[in-house]
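**Q** Below are the chains, spelled out letter by letter.
Protein chains: 2
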Amino acid sequence: MTFGFLLFPRLEELDLIGPWEMIGFWGKYFQGPQRCFMVAEKMPPVICAKGLSINPHVDFSQCPPLDYLLVPGGEGTRTEVNNEALIRFVAEQGNCCKAVLSVCTGTFILYRAGLILGKRVTTHWASLDRLRTLGDVEVVEERVVQNGHIWTAAGVSAGIDLALAFIADVAGEKTASNVQLGSEYYPSDKLYSSAYKNEMTPQYLKRMYHS
Amino acid sequence: MTFGFLLFPRLEELDLIGPWEMIGFWGKYFQGPQRCFMVAEKMPPVICAKGLSINPHVDFSQCPPLDYLLVPGGEGTRTEVNNEALIRFVAEQGNCCKAVLSVCTGTFILYRAGLILGKRVTTHWASLDRLRTLGDVEVVEERVVQNGHIWTAAGVSAGIDLALAFIADVAGEKTASNVQLGSEYYPSDKLYSSAYKNEMTPQYLKRMYHS
Chain A
1 MTFGFLLFPR
11 LEELDLIGPW
21 EMIGFWGKYF
31 QGPQRCFMVA
41 EKMPPVICAK
51 GLSINPHVDF
61 SQCPPLDYLL
71 VPGGEGTRTE
81 VNNEALIRFV
91 AEQGNCCKAV
101 LSVCTGTFIL
111 YRAGLILGKR
121 VTTHWASLDR
131 LRTLGDVEVV
141 EERVVQNGHI
151 WTAAGVSAGI
161 DLALAFIADV
171 AGEKTASNVQ
181 LGSEYYPSDK
191 LYSSAYKNEM
201 TPQYLKRMYH
211 S
Chain B
212 MTFGFLLFPR
222 LEELDLIGPW
232 EMIGFWGKYF
242 QGPQRCFMVA
252 EKMPPVICAK
262 GLSINPHVDF
272 SQCPPLDYLL
282 VPGGEGTRTE
292 VNNEALIRFV
302 AEQGNCCKAV
312 LSVCTGTFIL
322 YRAGLILGKR
332 VTTHWASLDR
342 LRTLGDVEVV
352 EERVVQNGHI
362 WTAAGVSAGI
372 DLALAFIADV
382 AGEKTASNVQ
392 LGSEYYPSDK
402 LYSSAYKNEM
412 TPQYLKRMYH
422 S
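As you go down the protein sequences, you meet chains A and B in turn.
Take 1 as the starting number for the first sequence in the working numbering and just add one per residue.
Take 212 as the starting number for the second sequence in the working numbering and just add one per residue.
Take the hints with a grain of salt, since some may be wrong.
What the hints assert, rightly or not - Cut-off 25 Å, straight-line C-alpha distance, at most; resulting in silico cross-link-like pairs (SDA-like, lysine to any residue):
| id | chain 1 | residue 1 | chain 2 | residue 2 |
| --- | --- | --- | --- | --- |
| 1 | B | K401 | A | E141 |
| 2 | B | K401 | A | Q146 |
| 3 | A | K119 | A | N83 |
| 4 | A | K190 | B | A296 |
For the record, the hints were derived by calculation from the structure and aren't laboratory data.
Note that the structure is a prediction, hence the values are computed from the model and not measured.
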């Protein structure tokens, strides 16, 4: 199995590395994808939104057919939706992949690549209305959404939950359980102060603090 | 404020990038550290445990005095505890920093640097016994542990919880709340299958599933 992780300038670091870690654990210890790599349009280092500098493993021209593709979000998506080479790569690979996953505003790249027309999808809470204005997608306010071979996640850290749900779907709950234990992903449920009460927050979060 | 993130070969990716994302949000939007960078012994790319290739921003010789230092864990710690240049760097900076934070087996690097003698600390669940055998530290089975200016976290993903707790301590709950909202860190509480019932799991986790 080949699993490609898309790089582009000003992507959000945790969108990418949360899933990378979970998928990497699966591949390294639990018979998951043996070939996980970072793929970018070109080979020079990619500078992320918070300044991390990553070296791609392959460029678009060298990239083999992918079984799975993950597209992170971040402020860079605002310009990358107009990058024809990147959109063409996502469209071509995405139409042949067994599954395409996006985190946060990565959903806007899937949209431009024609992969989510009419589908149930989500994105970062602050971009839900912007996704709705596109019109021909069904926007839902969940943390992780599967619709056929398209998986989308809410903002930034939600990519970790996405990756575990995806592993459970492909390889079973036992494998997801082992990855969860290995990465010690038993997160604190602490809600700091009151920012989460912002009325723009998504339905899954409102359910969480009203229950 | 300067915040350094230590790089070394075969560090665990999420140990590093979980805190990097949270501290980066704080710095970029909420008056947190203005200078966050990756610091390594030398400037060539650092290859992490799951294959991510990162370019350092500075090497040890160029690194300014740090206000804060984060040390990730990973399989690379097994050899780095014997890297004199790295241990000297951590000792010298760590003794002058306002706070030193470690994630997962990064605790063993703090130990070798002489920063945690007699202190309450933690590490990845699978390394708790190995940490206990060192003898002159008090090992506790919590997800995040503060002891004076030393902060340690449990395995891999616990670095995210560590970073938010640290931000709340330094800048207040309101700021931590804003970072939590921005990164949409309202993680799922789903426990997959039964791996978490492993008898080696830490006390904080046993409390979680017995309650």
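**Q** Work down the list of hints and note, for each, if the structure agrees.
**A** Going through the hints against the structure:
no.	hint	verdict
1	K401(B) <-> E141(A)	holds (18 Å)
2	K401(B) <-> Q146(A)	holds (16 Å)
3	K119(A) <-> N83(A)	holds (23 Å)
4	K190(A) <-> A296(B)	violated (38 Å)
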